[in-house]
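Each residue of the sequence shown is one higher than the one before, starting from 6 at the first, in the numbering used here.
Watch out, some of these pointers could steer you wrong.
[To be verified] Across the chosen pairs, the derived CB separations fall in these ranges:
id : residue 1 : residue 2 : range
1  : T78       : S40       : 17 to 23 angstroms
2  : R84       : G108      : 20 to 26 angstroms
3  : R64       : S110      : 28 to 34 angstroms
4  : L50       : K71       : 15 to 21 angstroms
5  : E58       : F102      : 30 to 36 angstroms
6  : Q70       : C20       : 29 to 35 angstroms
7  : N112      : T65       : 34 to 40 angstroms
8  : F102      : E43       : 16 to 22 angstroms
9  : D106      : E43       : 18 to 24 angstroms
10 : S56       : C20       : 27 to 33 angstroms
Just so you know, these hints were derived from the structure itself, not from any lab.
Remember, predicted model here, so these are calculated numbers, not experimental data.
The beta carbon of each residue, even a glycine, is placed where N, CA and C say it ideally should be.
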Amino acid sequence: MSGAEHMEVDQGMGCRPCGAVFIDQHKDTLIQRASCVEPILDKLLSMGIISEEEYQDVRTEKTPQKQMRALLTEPMRSRGDRAKQILYNILKEQQKFMMMDLGVSFNEKIE
6 MSGAEHMEVD QGMGCRPCGA VFIDQHKDTL IQRASCVEPI LDKLLSMGII SEEEYQDVRT
66 EKTPQKQMRA LLTEPMRSRG DRAKQILYNI LKEQQKFMMM DLGVSFNEKI E
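With these hints in hand, go ahead and build the complete structure from the sequences.
Take a look at the structure:
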């Protein structure tokens, strides 16, 4: 992640990475529209954002929606804005059409 990442003002929170704000604002939609969560988990694990135990815990959920809910509830919530920004970037790479439907611009460079 570069120092030039986009920041957005969030009421009561100061400046936050725009991806973190997006994840918080669209949590319910991300859960409902989740498909193929395992590649997202693989990337988060390889980047050290989630542990092997957390990876396995999320994978044991029966549906992609339950997997995404488990991921967004814990561990993403406890990892804070940096992890949410990374998840946002992964979703832009791996779930491009869903993200476009949610209004994400692809004019900026994906980091």
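Margin query: Just to be sure I understand the hint, the distance between the Cβ atoms of Q70 and C20 should be within 29 to 35 angstroms; is that true here?
Written below: 31 angstroms, holds
Item checked: 28 to 34 angstroms as the expected CB spacing between S110 and R64, which holds or is violated -> With a Cβ separation near 31 angstroms, R64 and S110 satisfy 28 to 34 angstroms, so the hint holds.
Check: Do D106 and E43 keep their Cβ atoms within the hinted range of 18 to 24 angstroms?
Finding: 21 angstroms, holds
Item checked: Beta-carbon spacing of R84 to G108 - inside the hinted bounds 20 to 26 angstroms or not -> 24 angstroms, holds
Checklist line | F102 versus E43 beta-carbon gap, inside 16 to 22 angstroms or not | finding: Holds: the Cβ-Cβ distance is about 18 angstroms, inside 16 to 22 angstroms.
Notebook entry, point to check: Can the suggested window of 30 to 36 angstroms be confirmed for the beta-carbon pair E58 and F102?
Noted result: 31 angstroms, holds
Next item on the list: Note whether the CB distance of L50 and K71 lies within 15 to 21 angstroms or breaks it.
Entry: 18 angstroms Cβ-Cβ, so the 15 to 21 angstroms window holds.
Next item on the list: With 27 to 33 angstroms as the target window, see if S56 and C20 comply at their CB atoms.
Entry: 29 angstroms, holds
Notebook entry, point to check: Does 34 to 40 angstroms hold as the CB distance between N112 and T65, or does it fail?
Noted result: The hint (34 to 40 angstroms, Cβ to Cβ) holds, given that N112 and T65 are roughly 38 angstroms apart.
Next item on the list: May I ask you to test the hint 17 to 23 angstroms on the CB atoms belonging to T78 and S40?
Entry: 18 angstroms, holds
Against the hints set out earlier in the document, no violation occurs for any number.
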